[in-house]
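We have chain X already, so just place chain F on it with the hints.
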Amino acid sequence: MKTFVGIDLGSTTTKAVLLDENEQVLGRGITNSRSNYDTACRVAGQEAAIDARFALIQREFGAGQGDDAQTAEFFAALERAFRLEQFLEQLNDLEQTCLDQVKGDRFEKVADGVKQALAEVFRQLRDEAPTMFAPGATRKSDFFRDIAGSRYLAVAEDVARDASLAYELLLNVYDKSIIAVENRPPSDALGEKFKWALARATSEGAELDREFHEKVQWALDIELEETYLVGTGYGRVTLPFSKEHIRSEILCHGLGAHMMYPKTRTVLDIGGQDTKGIQVDASGIVENFQMNDRCAAGCGRYLGYIADEMNMGLHELGPLAMKSGKPARINSTCTVFAGAELRDRLALGEKREDILAGLHRAIILRAMSIISRSGGISDEFTFTGGVAKNDAAVRELKQLVKENYGEVTINIDPDSIYTGALGGAEFARRAAEGRIEGVEA
Amino acid sequence: MKTTTSPGNSSDVLKDASMLKQKEMMAKHYDRLTNAEANGDKVVSTFVPGNLNELIMCFDLVNNLPEVNAIQSGLRRKSGAYVMEAEKAGHSEDVCTYVKSDIGMMAKGNIGPNGSKLPDPDVLLLSYTGCFTFMKWFELLREQYKCETIFLQTPYMADGKITPNMIQYMVKQLKEDVIPKLERVSGVKFDIDRLREYLKKSAEAEDDLVYILQSAKNKPSPIDAYFGGIYYIGPIFGAFRGTDDAIEYYRFLREEVDQRIAAGLGPVTPDGPMDEEKYRLVVEGPPNYTNFRQFWKMFYEEGAVVVASSYTKVGGTYDFGFRHDPDRPLETLAEYCLGVYTNRSLPMRVEMLTNYVNEYEADGLLINSIKSCNSFSAGQLLIMREVEKRTGKPAAFVETDLVDPRYFSAANVKNRLESYFQMIEQKRGGVKKEAAA
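Protein sequence lines correspond, in order, to chains X and F.
Residue numbers 0 to 440, in numbering that gives the first Met the number 0, belong to the letters of the first sequence in order.
Residue numbers 0 to 436, in numbering that gives the first Met the number 0, belong to the letters of the second sequence in order.
So that you can see chain X by itself, here it is in the shape it has in the complex (with noise of 0.2 Å):
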């Protein structure tokens, strides 16, 4: 079947997109960009055919079909086990990778002993995979280097310790090849890891009748065409793509605003280093924008250099936040200053979910000053990008939206993050259609 990509290749993240030929989003894939924007396109782009592959085992079940426990536990056990291969592949690469820095001087006396240990490790890392994919349980990230390397720590810490070893030795392999396996995607073979995944859930999971089997052997085998492929978002330059594949990311967070709610009329996205206001007609098309300048204050990286002053997660920032009562006044929203602001508040005694508060609405009013250089807000009002996760960012939002423009429609789609990839593949499918002016079918 044809499908359309498109991919947004953000300065934090890289996000791809699937949709088929009736604009219907197939799948969806994300990764992080590791300023390797090859890499991250090539990964988010297999993670989005994954995704459309469950989806059409989804769909061979049909609307309603699949919504009984039996099949939906199938299908989340074929999906855990499928995620576990993956995992199992990589965690081989990483071995070998790792094996193959054990050389040179340093190694000199102990390279049998690494090798031993490293072997143990890993032995270890495979045996305790399957818990980490086990019903119910969570992981923090999805990445391979958040999940692989805080395990391989923990593991190793311990190996070193009993082999009389030193840890750092071990940490300095890793650390030399992590890097490299993040930047060698998984193998494109995803039939073969789909049939394996296949066995495995239907080994653990309930009894499954021949023609369940078949619905979805058939599903796998679907052939996906990649027919057009647009490219968008900060890293859009360097893709290894022709220009006619390049659309400009403010065009496609408008486009991509408008296909999840259609009578959008303004668009907030606030990405890692990127804050835009854009304006759109009935159609989605962008009438108007600003963005911020070369400062990236109040962006997302912002938040993310907070929560490494602060030693907390990312996506804890929100939280605490939300547990303020009074929010600490901040006018500065400048990155490069963020840690001398919170250590300047600290030392006056606030409280941190205070001064988290304060932060966020900081970033937000950065954001309404951007929006209202734009034209302001229209009903209804989308908000996209990675920060719209962020309920304490949303709250600011929703508040000063009501403060300055009365009651507004404000759109948030949990797959927000998407937005820009989503306008990419819908840029796509148009101009395979010939429909796009300026670009070639």
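Worth flagging that the hints you see were computed from the coordinates, not collected in a lab.
Hints are supplied without guarantee of correctness; some may be wrong.
[Said to hold, decoys possible] Which residues of chain X face chain F? A partial, calculated answer using Cβ under 7 Å:
{"id": "1", "residue": "Ile-249"}
{"id": "2", "residue": "Leu-250"}
{"id": "3", "residue": "Val-285"}
{"id": "4", "residue": "Asp-292"}
{"id": "5", "residue": "Arg-372"}
Every residue gets a Cβ at the ideal spot worked out from N, C-alpha and C, and that includes glycine.
Using the frame of chain X, we list chain F on its own:
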């Protein structure tokens, strides 16, 4: 009329006669400036907008323009260090970067673009026109040089017109203050017939300049009226208005433009002639000088030509028929100062830009908002909305700086420009679809 540049220049760029002429004029002028002391010439420092070059020449003074020096420093990538030098001396980040480049250059020996030291001025002549910073700038220079200062006050065109009172007020200042002081500093007696001669020459060059700028109404436009335009306004707004050199320069340029029109050619860019004119833009605001070529490239690479700009009216405005008039020598100087773009009220600017979009059949208005330039930036968003509303054409906004390289973010500017070009494209598609329906 084309010659190749001298060997040693690796790129095989064709230089037009006008370009060579301009280069030679600039070199000669800077040599005259840096040799002023040795030659016994007196030097006047003055600003570009509404400058009184014809009057200055009547006193045999050499014209030194601090803004042009700052621009030269920007183009030669020296302004970044100068700006920081001025900041070290206590000038804040928000101060006009022309000023800071100038102050920093003085602190570092005041070396001009020809590698020699620029002279200390004997007199500062401020024909204040729509920029408050000029006043503060000259206060600093006065402090530094302790020389004679002349302040010709130009009323702001707040009501959108020049009244006889305004002219009288300015002529009175010229007669009672400006001319006597210039006589005293230079030791040369004022000769009004000499001034008339220069004014006649000014008008001749001005006619050709207007012809050249308005040639952008052709499709394709034979010139870029912003990036190219900055070169074209150099002689008229600098130290050459009223000279035979300027007349000759604009004659050459006019002939070249005529040739391009006849051949149906677009503008010449640093990478050679432009192939296809895809977008016609009107640009408001000064350019960026530290990344001038990179900035320009973002336009011509996408097939965008600027057909009219407000910046080419920053020294004086000729669109509405003004020419220096030898029959009213002092009045005409007053009118020239009054007509400067930044001395015009906001409604007048909106009107001008709206007319440009319509008359030059542009696709829309682009504003390059300069971080450190209040006289241009104040009200620009309002201008944008209003022009958008009146023309129905999309507008966009980019932000850079004059000569502070820290404020130029290529990725950000390119992102906005590409979005704007695609927006124009999308709108055209929408209109076409409507027309087809």
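Each hint tested on the structure:
For X:Ile-249, the interface hint holds, the least distance from its beta-carbon to any beta-carbon of chain F being 4 Å, beneath 7 Å. Taking 7 Å as the C-beta cut-off, the interface hint given for X:Leu-250 holds, the closest approach to chain F being about 5 Å. Hint status for X:Val-285 relative to chain F: holds, with the closest Cβ pair at about 5 Å, below 7 Å. A cut of 7 Å between beta carbons decides the hint on X:Asp-292: the least distance to chain F is about 4 Å, and the hint holds.
A least Cβ separation of about 6 Å between X:Arg-372 and chain F falls short of the 7 Å threshold, and the interface hint therefore holds.
The structure meets every hint from the earlier list without exception.
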